[in-house]
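Asks: The residues making up each chain are set out below.
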Amino acid sequence: MAGRGVTWLGTPTFPKAARTALADPQLRANLRNATTTIRGKRADAVAELPDWEPLRRAGEAIKDQVLGDLDTYLERLEAAVTARGGIVHWARDADEANEIVLRLTREAGAEEVVKVKSMATAEIGLNEALAEGGVRAVETDLAELIVQLGEDRPSHILVPAIHRNRAEIREIFRREMPDVPEDITDEPKELAEAARRHLRQKFLTAKVAVSGANFAVADSGSIVVVESEGNGRMCLTLPETLITVMGIEKVVPTWSDLEVFLQLLPRSSTAERMNPYTSIWTGVTPGDGPKNFHLVLLDNGRTDTLADEVGRQALRCIRCSACLNVCPVYERTGGAAYGSVYPGPIGAILTPQLLGEDVDKQARSLPYASSLCGACFEVCPVRIDIPEVLVHLRAQAVEAKNKTSPEAVAMSALAWAMGDARRWAATQRIAGIGRLLSRGGRISSLPWPGSKWTSSRDLPAPPKETFRAWWRRTRG
Amino acid sequence: MALFATCVTDTLYPRTGQAVVKLLERLGCEVDFPAAQTCCGQMHYNTGYPRHAASLAADYERIFTEYDAVVAPSGSCVGMVREIYPKLLDSTRAAQRSHELSEFLVDVLGVTDVGAYFPHRVTYHPTCHSLRMLEVGDRPLRLLRAVRGLELVELPEADSCCGFGGTFAIKNADTSGAMLADKIKGVTETVAEVLTAGDNSCLMHIGGGLSRLRAGVNPVHLAEILSSTEEEPWQAVA
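The listed protein sequences derive, respectively, from chains Y and L. Positions 0 to 475 (numbering that gives the first Met the number 0) are the ones given, in order, by the first sequence. Positions 0 to 237 (numbering that gives the first Met the number 0) are the ones given, in order, by the second sequence.
Just chain Y, same shape as in the assembly (with noise of 0.2 Å):
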């Protein structure tokens, strides 16, 4: 079953969707800022762990061994679940675990739910798909909320509204807030104070919360949430009902861990030390927290990554964001380019392995976004190789594709005059031609496709000799 709801109809290609975004001076210098300040600040607080190293080996190891043996850790999850008084609920795609949110919602006798920010959620688009049902859901992150406001999508997966300064979040408060004071000002004092008063009603009245999974204990049927702000730790306390909703490749065996992955994580997505707020609960707890906990279980085109071998990988990521934070191309273009809830180099290799059979030429067009520069290979703290991936996906893509497209051709008759020296050195006379181009040693303007080069630099002149030609006259 493929990966519905992972994409935003009608984005275009990711060439095409870049060009907006490069065509923003204000998006362009509100990415640049705020990657450079948090590219820095990971950097420091990775070097102070001396051991940084084995420790993403053993985030590596560990999901590997889980992904080894997903049915295995799933199924004791869910009898711990079970045995601790939650239940659990087997989605295989977005409209089976939206329907499930919905029915369980309607049980509880509630219009309105409080979320916790969660990627699964917004992956399968639950806001809209309660909407649909007449039921309405408040994000409660404050970056999550000023997307919903804004009515906006998010751009990056821990900070979904990087692409705003606090002067349009102002704008927003004002317009959407109906509580918010006249005079408010843009001090993200104010703005955050708020955003309090705001939520404070919600929280206090919400009988239902719906919530991702940073983590599950299979061991224990434990539920892991971190976050920053305190507020998720509202919704996942205060309302009777709790309903989470996680992908399926979350799980950890045990409880120790945890360890790696609470060390791995903040430090990697908000370069902090320790996450401000660690939630953990198991099943229900008389007295004690919600009532009802509900558990889905979200498939959603995971199982048919799980099948490829060199792409599986990807699922082990934990949505730090470390690769956005890095990635030269996200800097530039920011996420709304890659047309998914999943932006940046991550998002390129796992939006099209979750659409699976549905993949679409947007999709396609998405692990062709990276230079290969490797940066984010390097920061990833599950050892994820994004560009091996990349380039995995990107001979997928060819495969797919027409074998009489220019490129194929062009790839294959390269190859030909590769595959022999004699053939080699024809094709490098040929190109010596190309001096007839140029001007001054250099060549301004070429041919499609060539053009694309010559748009925004020169190419040198062909010399009159290549060194092969230089080393038969002279030593050969």
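Lysine-lysine pairs mimicking BS3-like chemistry, simulated, CA-CA at most 30 Å apart:
| hint | chain 1 | residue 1 | chain 2 | residue 2 |
| --- | --- | --- | --- | --- |
| 1 | Y | K463 | L | K21 |
| 2 | Y | K15 | Y | K402 |
| 3 | Y | K451 | Y | K402 |
| 4 | L | K170 | Y | K15 |
| 5 | L | K86 | Y | K360 |
| 6 | Y | K402 | L | K86 |
| 7 | Y | K15 | L | K184 |
| 8 | L | K184 | L | K170 |
| 9 | L | K170 | Y | K402 |
| 10 | Y | K451 | L | K170 |
| 11 | Y | K206 | Y | K290 |
| 12 | Y | K40 | Y | K188 |
| 13 | L | K170 | Y | K400 |
| 14 | Y | K40 | L | K184 |
| 15 | Y | K188 | Y | K206 |
| 16 | Y | K360 | L | K170 |
| 17 | Y | K360 | Y | K15 |
| 18 | Y | K360 | Y | K451 |
| 19 | Y | K15 | Y | K400 |
| 20 | Y | K400 | L | K86 |
| 21 | Y | K451 | L | K184 |
For the record, the hints were derived by calculation from the structure and aren't laboratory data.
Fit chain L to the given chain Y structure using the hints.
Replies: Relative to chain Y, chain L alone:
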């Protein structure tokens, strides 16, 4: 030992190949250029044509298998050969004995002062594959610091990609151009006369942007700086 010139250097930058030969012979190496060589196959591999790349990889193994060492003036191509060939071939004897120029000089020959003379203000771009795939570290900088007359200036945001990425520069031309613009801004801020790197493909990209802007900075491969001496100094292309 053998020189693997790489298709870009062979076709567009013969001066770099000649500089490697001159430099290595000056250091006492016996250099051969097996004429059957063509390309490492990286462009095919990275664009999604692994079968074409595997065929070129097999050629590479066959052509270079008899040599003690293979040296190439490209971190990118050596990265392909040493790190990717094991995914494409069963036997990678030649690939595992392949070295990027600065690695070969520092690790195999054990020299950092190669007797070069280059009286110019120079800035160094580390190139992504040299930096992250091969992890050449400060080897090129150690070599440059030992060059007489050379003034080395640090490049701002040196480790960010120039935006070349092979076919990326064509497929995502606008994004690539934006990355290039930022890289060029860093280069011109240094007020260097010369931009150097261990990869002609990156130099072709940054140099192409500098040329378009008539920025007056000369892109010169590391090998050409290291081969320059007081007797035979490097000269800009007329």
